[in-house]
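Starting from two chains that each stand alone, build the complex the way the hints lay out.
Chains as they are written, first to last, in numbering that gives the first Met the number 0: chain A, 0 to 441; chain B, 0 to 265.
Please note that the accuracy of each hint is not assured.
Simulated pairs of lysine-lysine, PhoX-like, Cα-Cα distance not exceeding 25 Å [unchecked claim]:
1) A:K310 - B:K216
2) A:K328 - B:K100
3) A:K328 - B:K101
4) B:K65 - B:K25
5) B:K101 - A:K310
6) B:K25 - B:K216
7) B:K100 - A:K310
8) A:K328 - A:K310
9) B:K216 - B:K65
It is worth saying that the hints were derived from the structure and are not from the lab. A quick note: this is a predicted structure, and the numbers were derived from the prediction, not measured.
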Amino acid sequence: MTVTVTPPVRRKVAVSRRVRTLAGLSVLSLALLLTAILAGAASTGSSLRTIGHDAGPQVLATTGLYRQMSEMDALVAETLLLGREYGPQQQADLTLYDQRRLDISESLLKAYRLALDNPTEQRTVESLIEGLGRYERLAAQARLLDAQSGHTAGPPPDHVVGAYQRATDLMHRELLPKAYNLTLETGTIVRRAHDAERSATSLARIAVIVTGLLALACLLALQTYLTSRFRRVFAPALVLATVLGAAGLVTGAVLINQQGQALEAAKRGGFDSVLTLTRARAISKSMHGDQSRYLLDHFRRDTYEHTFLDKARTVAAVESTSLPDYQSKLRADFQGLLGGLTGEDRARLFAAYQKFQQADARMRTMSGEAAIKFWDGELTRAYESYDKSLEELVRRHESDFERAIDSGDGALETLWRLIPAGLAAGALLVLVGVWPRLREYR
Amino acid sequence: MRRLLICLILLLTACGATRPDSLVDKDELIVAIRSDVPLISFKGQDGAYHGFNIDVAGDLVSRLGKRIRWLEIKAGDQLTVLTDGRADLVFAHMSVTPERKKVIDFAGPYHVDFQDIAVRPADQAAIRDVRDLEGRKICWVRGTNIAQRIIDERGVEAVAVAAPDYDVCLEMIEDGRIDAISTNSQILAGLLTKPGVDLHLVGATFNEQRTSIGVRKGDVDGCEELNRAITQMYQDGTAHMLLDKWFGKSGIDLSVIAVPQFEGCS
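Okay, chain B solo, but in the shape it has when bound (with noise of 0.2 Å):
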């Protein structure tokens, strides 16, 4: 009889262990995001946050019926913001990469975009290409991926120059210490849109970049609920007015929107 009991014990000890912890169990979510990338996630003159990123996370996150309280994050912590439970979203225009999978998972993508360069305007009949830019020196942002994939992926002998943040490449290409900043479009449009800088957008797109939302490791409920979300936004024409808003006068070629094939949740 008692070891009946301890069984029954077990049994229902074993059924208390429910799936672990999600973010559609929570009225309110932490979303890290980025301060200092025009168009995308900027901090406005009214201490407000605006930007495309921005809007997207408004959004998707209103149509889980959550609130939001943003958390600014630095380059190099998209990672760890999630790791270490600091927040439950990152929206830091991150790309889906094997080695990040290993540490968390991604909905969406919710935008693709594309590699582009941009250089200086005296520049603009030499590189045309990705591969025109052989021999010459590209800013890499610590953090980022993208002057790998030229460098590794493409095979493209370019040099590249450490930076901490876009800003610091915008410097080193206005006095010369560098020939080009490649990266997503859509940053590089942002860029473009800063006081004082005359560059010139090559329109090389190459290496889709699948711009997605970090979510915790095994938070599959939350990823899915994310993903019917974006299909949504897709569906009822917010992406398209919200790519509009932002990129309408970017000159980044708009003319297919339509919900990017997803990552999947498991």
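Just chain A, same shape as in the assembly (with noise of 0.2 Å):
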């Protein structure tokens, strides 16, 4: 009787490469998903950046500028209308002016800033800052012979109208567009950005996926070879170290996709809400001051009730013809900038916009002191309570954004403390598992 048997050496060499091979393997792929963990989390954090530390609230801070600068037109029509017996009131709007202008200088450098590696952006805030000077001189000449006519309350004399018309036209012909597009354009650079993050995240997040399986697929071969090869039902440090792939694989994934949440969360509801409503908002201040120049300026009237109708269908858009149509036919089915509102929130700010329509119709059917009278009260009221309930909306939005960048930052911390430290004891225990097995060949 013959019996092969294969040499004692040969056979404990193989064996042991096998085991060292499959090992090293193992740590291989733990290493590569360690990778791939930290990889996923320096993309989704650089979104985060973007949008939650940098761009984002610049974004936001330079929306303000539409707003700022539509008031800034508003209050001199205002002041032009009120006459000298409201003198008092008079230097209150000037003060304001002096503040807006103020608002408005902090909210282009902070433009400017953002558009460092963009020359056509940079090009529009020197326009704007140059264009606004130019405001400035043909508002005060405005206001200047507006206080030599010394007129009563109510629209003045026609050469100080042109005058006005003059700056009016600048602001709203040249400089508000321009202040409009800046704010658009700075709303793409963050949305690209986002985009080309997101993707990244979603391939990381596979790369995780894909790695873990495979560390955990290295590790169970490790096992099932010691197992059969040497008789034991399973090494502890190996099972230990199996359980900490998994949990890394597990955690790992699951960070990512809360962290790209959190990222989706701050940029659908907190950055893109409060970039609309601020815009609703910026029009709306726009279609009060329509509201002043309508009754200032009797050679404008059409157009000046043209605009506002304009303006109203981009906040809350209802298929109508006319001013007094769309009036009527306001319900709270409306589309438009406003449109997307949903619940409490659409019913609380359709009503307090409703009542502004309603004043605006009521003012249209006045004529004289009577009109003047019932914008400076009632009117501009209800405007101020509907731009509070705007204003009280945008704030929310604001800290739910600020709300989802922190628990992104958050889910941040903890992929960076303890995935690592979990993998690399997993590491550490494949070879602490595998160590005595090797040492039997020796």
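Here is the structure:
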């Protein structure tokens, strides 16, 4: 009887090589898993930084520009309309005007900083600074002529209206469009950065799952091999390493996912909403300005009524043919910039907006002194209460935004601290697990 | 393990679903234009297209680094040509309306125009303002919203008389079937250059007309790129030069040339 036996030395070498290979592969795949998780964390982290700490807040700051500038122009119209018996109120308007000018300088500086690698946008900011200088000159001229005329409340003399027309034309035909486009463009910068990083994140998520499964497969293979070769049920260190690997995979995937969700929440629920609502608020401010211009400039009444309607349709669109038609058809199912609101927010804001529109409709049926009194009293109050509910909404979405960014930052911290430690321990345990087996072959 | 694999495949396919088709991915763009509007877009004797819209389209598309293939369309096709996918851009002097925005998106506007009125020289003294159109007959070219903007929006009770195009309007005002033609001042300026036309431009600038570029619904990237190109066109003086080239002698007020407020892309 002949028995063929493999020479024991060769068999020993083969087994030890196989154990070593499997152990090496396990450690390597754990290292790959760690790399994938860290790369994913880095990419969502940079996205969070863009939206939460760099570009995002700056964009939100520049959205104020349009509102501040239209408020400046509305304040000029108001001082011209008020006449000499409203002296103290005129003075208050001027103080507010100076305050707005200060705000505008700050917003422009922020916009310029944001546009550092975008020459087209930089040029827009530069031309806004130049244009505002021209506007101030024209507005000062109108105010001087107005003070000299010493008229009572109501439309000032024609030459004052003419001077104001030059100022407001500059504001509405050159400066406000540029400010509006600037906000759109900065929004584009953030949107593109977000899109690019979002696809990087989803790629990282896949990489985490693939490398994680690979690590688990290697660990299981090693375990099975050792079990069948050495007739041991299991090596405790390897079991622990497998558990750690699985935990790393699951927490890595979950945290990257959570971070991605935080990013989405910050972008959609916070950033986008704040952007849209601020735009609506800015346009509403300009609508209120159109009302005073309607009273101030009888040459252009039709035009100002029409621009008011255009803006109203942008803010809350209902199908309609004229301003009275719009005001009578205004229902809670409107579209437009505010059309995305839901639930109680929508109902509350709609009620305030409708009151504002109803007051507007009443003002347009009045004439002369009565219209100005009504505009100065009830209409302005209706506007202010509508503006206030819009402002509250903006505030709330701003804090949603900050909260989402904070939760993303928190997930990021856990990712950086716990997972590398866990996976390193796993790798160490693999070595501890195979060490005694390898020693048997020495 | 198999369940995990399925999850993995699902994830991979989810990743493959990229952004929608955009004009920025193409090398050649099909640009829809009209060929019968003097000064704005018309076919010259040499068979090539000329006009303000043609020059603006050429300038903007070259700023995007792409080539143009022209596609001639009729007045009523501005929307369908985009929804059917036959064109990438529409330069047909379209203004933005909420109804149109439901089916297409708008880049720009690249120019803000006003509505004006053309009348026979004999009516020059009687019609000076849009309110003077009360009870008068005005031309309504099918597919446009201009007549409605006078009657419904302004509440001026004029009588709209339908016509297939502006050439018919010119014939009708000549033989007295209508009293006035009202549309964008640029289009009117073009009509007045036609041989044998003797009309007076009232200069009653009302209703802003925001002349925009039609793009396919959802093409945010393409829309944003076009807006950037429009901003540059105004910044480097090209817009000024083109407006002056085509409308410098028309009597249209070109004292303020500034980049229009964009409609926004999303």
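Consistency of the hints with the structure:
1. A C-alpha spacing of about 22 Å is found between K310 (chain A) and K216 (chain B), which places the hinted pair at or below 25 Å, so the restraint holds.
2. Of the pairs offered as hints, the one joining K328 (chain A) and K100 (chain B) holds, with about 20 Å between alpha carbons and a cut-off of 25 Å not exceeded.
3. The straight-line distance between the Cα atoms of K328 (chain A) and K101 (chain B) is roughly 19 Å, inside the 25 Å bound, and the hint therefore holds.
4. With a CA separation close to 8 Å, the supplied pair K65 (chain B) and K25 (chain B) stays within the 25 Å bound.
5. Note on K101 (chain B) and K310 (chain A): the hinted pairing holds, with a Cα-Cα distance of about 18 Å set against a maximum of 25 Å.
6. Restraint check for K25 (chain B) and K216 (chain B): satisfied, since their Cα atoms lie roughly 17 Å apart, inside the 25 Å limit.
7. A distance of roughly 16 Å separates the Cα atoms of K100 (chain B) and K310 (chain A); the hinted pair therefore holds under the 25 Å criterion.
8. In summary, the hint linking K328 (chain A) to K310 (chain A) is supported, as the alpha carbons are separated by about 16 Å, within the 25 Å threshold.
9. With a C-alpha separation of about 20 Å, the suggested pairing of K216 (chain B) with K65 (chain B) holds against the 25 Å cut-off.
Hint check: no violations occur; every hint is consistent with the structure.
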